[in-house]
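Novice: Here the protein sequences line up with chains A and B, keeping their order. Residues in the first sequence are numbered from 702 upward in steps of one, following my numbering. Residues in the second sequence are numbered from 5 upward in steps of one, following my numbering.
Just so you know, these hints were derived from the structure itself, not from any lab.
Cβ pair distances, simulated, as ranges:
| id | chain 1 | residue 1 | chain 2 | residue 2 | range |
| --- | --- | --- | --- | --- | --- |
| 1 | A | M764 | B | G256 | 45 to 55 Å |
| 2 | A | E912 | B | A275 | 48 to 58 Å |
| 3 | A | I768 | B | I279 | 48 to 58 Å |
| 4 | B | S88 | A | P761 | 48 to 58 Å |
| 5 | B | K296 | A | E750 | 17 to 27 Å |
| 6 | A | T775 | B | F473 | 55 to 65 Å |
| 7 | A | A731 | B | D80 | 39 to 49 Å |
| 8 | A | L770 | B | E418 | 29 to 39 Å |
| 9 | A | A731 | B | V362 | 34 to 44 Å |
| 10 | B | D401 | A | I768 | 29 to 39 Å |
| 11 | B | D193 | A | P761 | 23 to 33 Å |
| 12 | A | E750 | B | T224 | 38 to 48 Å |
| 13 | B | P509 | A | G826 | 50 to 60 Å |
C-beta: ideal position from N, C-alpha, C; glycine also.
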Amino acid sequence: MIFYILRRILYAIPIAFGVSVVCFSLVYIAPGDPLQTVMPPDATAETIEIVKHAYGFDKPIPMQYLIWLGHVLTGNFGMSISTRRPVILEVTDALANTSLLAVFAVPLSFSIGYAMGAIAGCFPGRWLDRLVTGTAVVGVSLPNYWLGIVLVVLFAVQYALLPATGMGPSGSTNFHILEWSSAKYLVLPVFTLAMIPIGILARTTRAAVAEVRNQDFVQTLRAKGLSEWAVIRHVLKNSLPQVMAVMGLQFGYLLGGSILVETVFTWPGSGFLLSKAIINRDVPVLQGTILALSLIFVATNLVVDLLQSLVDPRIRRA
Amino acid sequence: MTGRGMKPAILAGVAALLVCGAAGAGGTLTVGMTAGDLPTTNGNPDQGFEGYRFVGDNLYDSLVLWDLSKSDKASDIKPGLATSWHIDEGDTKRWIFELRHGVKWHDGCDFTADDVLWNMRYSADEKAPEFNTAQFAQARPYLGTYAGVEKIDDYTVAFKTKVPDSLFPYEISYVLMISPCRAKAVKYDWTQYALQPSGTGPYKFDKTVPHQRLELVPNTDYWDKARVPKQDRLVLIPMPEASTRTAALLSGEVNWIEAPSPDAIDRLKSAGMQIITNVYPHNWSYQLNFVKGPFADKRIRQAANYALNRGEMKEMLNGLMLEEYATVPPTAPYYGHPIVYKYDPDKAKALLKEAGCVPCKVTFAISTSGPGQMQPLPMNELVKSQMDAVGFDVTLDTMDWNALLKLTREGVDEHPDVNGINVSRQTQDPFNALIRHVWTGAWAPKGSNWGHFSDPEIDKTIADILGEFDTEKRLALLTKLNEQMNEAAVLIFVAHDLNPRALSPKVHGFVQAQSWFQDLTPVSVSP
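Construct the entire structure; sequences and hints are all you get.
Specialist: Listed below in structure tokens is the structure:
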């Protein structure tokens, strides 16, 4: 098992390196310029050249990459062009705020999605299956951006039950999760964020359960006289590796933050940070955020692989 | 207590209530800005003129301020940290500024001529220890003719310009002054300075949560007693998404939002919100390519202007625009009597036929969003359909704001196949309103004349303007320039924005000036 873990960790290193190259290149392939938004629209070419030199953007791109990589390896992600704050601080603050959403959205979406899928998979073709599948399709199809706006109009504007925007009455530094005055700011973004994983997980789980139910060993279990509940327990366990792979992806998605949901609710998380960095071409923040999110995905996949191998030893032997 | 004894007690009680009431009467003004992030607090802010409006001009002053007290006439400059200015009679490249006495920075230090010199090094002298690249980037575009500054005495300075520049006081109005005392106290660590900024403005910094909110409080010692803020606290929140701002106002989380979307106006009105609009120095137009392609021919530029039914555009925007027929709106003091290209499709068709350009293929670079860009996608689609109807064949090359800015700065030489760019412009001062669009000296990438327009007569008028220090005579020259620009149809004129904002009914005392900047100091918020 230890060798398996080490091997998987070693695999993650070139993936992270590849991600860093891709994210660095993408920033430069995209049209625009990192310094456009720190200057008024009328900045002259002469001014731009002086500022480019001061920020180091006049060097060849491969050179810029190597300098950036060197700094990152020593833990220095640079400074934001827009705010002049250290990128590491910008990214960690934003990730902490997004994690708060994820902490609630993950159990909510995983439990509901898995339960819905399991029920539908156990009763394929029945009205319960159709109801759950239909609900899941609606969940997947609803643009969460639109859903967020509708929820705000309903619960914040119409009935004034919940706040529409922000993270607490005076910002994230005074956010106290145990106080309702702060916690109520979580409700709408968490629910909106959870909707898509609920639909995806319900559909995946349903398909996995239905597939396992058709396998020969299920007939054998029934022939041995096991109760239907015991059979279902076996079916669910065998469908778990497939479901876990999707859960891993969705966990990464929730932890990465949603640009659209965080923008609608002005939630100061990694999605909101990323969208601002894209608009402003704040290259250091963009690179730092993408790298951090990519590493989260790599780490999540690693954990999922390990968990899958625990649930299904055949994977470890493969 | 006897009746006689009760009277003073009751009066005292009433007086105490009035005092307590008065102390909290100003309320908290909470603004939902369109900016994607909080503007920087190190002097000249980022986030465009919204950064100046809410942060820069509140924390800081410049030598020359804008008069924002009236809504019925175009704003002009007025004394700020300088009480007066005049050109040196013996040298038309030397401006003398008399500084205001008795002004203190928020940190308690006195404002003197040395501070002006320090600030100019901060923004413009790369070799000075106090030089700040980010400030240079923000201030430099306004200091095109700046050549240096010298101290005459503690309260008088002289600015030198590279060429005679009668408009220099307008340009220096964009350069905000920060406290050298505070900068030295934080050892020129600008990240630290941003967390404890010190200016001379009507508001003082109180606290901030990065990216989320900035809170300012009144500077009760402000040198202009008429502009000591009437509200108790000003809270600024970035909300780039229009629907989020609308929801925040309707739910009471903010009591002021910038730029509500046109389709939200009826809903806001029905909820009792105040919708405030006013004409201001803004244009939504197309700068054209004068080097290559159809728009090098004046007849085709005129045809494009005659093709536009601006009333239809106004209807689409729920009335939130003024039909644009010149670079500046009619309230500008130098509007004059320009040729007006009213909607006339037959004339447009005839001009295209005369020029031999049917169908007349043109490509416009446009953005999906951006500051001052209003509703760029539907507006550009409508322009395309109206131009196509008279014989043009318009292609819209859509990109994001950042990419369009890059294309704009690079100029027509780098993008010869683009026939026009849709970039909104501020037209607040004479240089930015008129000169930069048509001056040969401002050809991109050196300046904002994107399409390399050049006309010896217009260049002559501009030279006369820059060398004319008599205000009335200069006004006549500026009017002449505006009329010349229209005669040459240098832009495709479409719309002036009306600067809409929505305010809660609890917000009182706001006067919307005809300016990109606004004065928040008279505003109070009732409980």
